[in-house]
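Visitor: Chains A and B supply the protein sequences, listed in that same order.
The first sequence begins at 1 in my numbering and counts up by one.
The second sequence begins at 1 in my numbering and counts up by one.
Simulated from the structure, these hints should not be mistaken for lab results.
It is possible that some hints are incorrect.
What the hints assert, rightly or not - Derived CB-CB ranges, DEER-like: (1) B/Q109 x A/T106: 33 to 41 Å; (2) A/R147 x B/G42: 40 to 48 Å; (3) B/S50 x A/R147: 29 to 37 Å; (4) A/S143 x B/G64: 27 to 35 Å; (5) B/A67 x A/A57: 21 to 29 Å; (6) A/S143 x B/V151: 38 to 46 Å.
Just so you know, even glycine gets a beta-carbon here, dropped at the ideal spot from N, CA and C.
2 protein chains.
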Amino acid sequence: MVEYVVPAPKRRRGRPRAGESDARERIMAAAIEEFGEAGYDGATMRAIASRAGVDPALVHHYFGTKADLFGEAIHAPLRPDLALPEILAGPRDDMGERIVRYLLETWEQPDVRRRGVVLLRAAIGNRLTTPLLAGFLSRELLSRIARALEVEDGELRASLVASQVAGILIARYVLRLPALAEASVDEIVARVGPTVQRYLYD
Amino acid sequence: MVEYVVPAPKRRRGRPRAGESDARERIMAAAIEEFGEAGYDGATMRAIASRAGVDPALVHHYFGTKADLFGEAIHAPLRPDLALPEILAGPRDDMGERIVRYLLETWEQPDVRRRGVVLLRAAIGNRLTTPLLAGFLSRELLSRIARALEVEDGELRASLVASQVAGILIARYVLRLPALAEASVDEIVARVGPTVQRYLYD
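Bound conformation, chain A alone (with noise of 0.2 Å):
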């Protein structure tokens, strides 16, 4: 059963108003499958407004193009925006293990960890699209991590916490490493808090 939406006129991106939130909704959803079956290459903007029931104008409208709309779907395991604030605004004492913690909740979240699994691979398995993900790392989390460190190396500092925690989402999540895929948060937060803190700090 495909539905078809009529596009509101002259709005890309932004913010959803109410009755357009669950089309664009159903667009990433249906995004996020089609990246995860055939890879950045393979996904058609068509194949993606088929599987969510919308014309492939519609999607256009909303994210742009394809390489538009898998910056947009990177965004939406993490969202860096929501929760970085308030880590950084926490004490420093533990800053490290609260990083962890907070990636490694999230993603223990079904939903979350098959779309960012999904996107991981899409993003490190194609020349196109690996920008695209440093991009949003360096934009999102490394630059705003470095302000607030407030030291000359914060940029190397904050890409190191950037390498141990996407080295840990990729060999829990992805690889699934059997010893660390069968590890609790807390052994997890208790083993590498202390790495992330030294990266920060020492």
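Using the hints, position chain B against chain A.
Guide: For chain B alone, kept in the frame of chain A given last:
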């Protein structure tokens, strides 16, 4: 110019004989090019044979299936079977630094880096190849490190090391996060070595 090489009978994989090694090396180089350009799904044994200038039968003869060939290609950039015993035989006090330095100095070689990036992309990008990389890491690296540690949680410690090391390789060479891509090997060894040391022994 296509050169055909007659397959030697009844020999699949294993050490090459004199005269075989050139064709094997050409096939492996061709496979890495093809996986890099077409991805794992898009790569065909026929295209790999064509790049190498050999008959497709020879590719199957030496390497088996496409998955077998990919699994063998993963070994090429790291060769932990060669380096690991030497690293593990050294003193404990700077084991973490030695592991990080060895990996970075290896990947700083342009040819190793290019192959490594191609294979990391292909392995993480595809759900069929991820288990091949995970299996390789578990078998060739993690279990060896875990055995050498002689502690109950050796497998978890080794997996944490793998998460940080993989994270650095991805952040520096695949994502190319600017601060990490521009840092010197010495700088990264100084920051990341103590992390690996702590995961191994603290």
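Visitor: Hints numbered earlier in the text: which of these fail when held up against the supplied structure?
Guide: 3, 4 and 5
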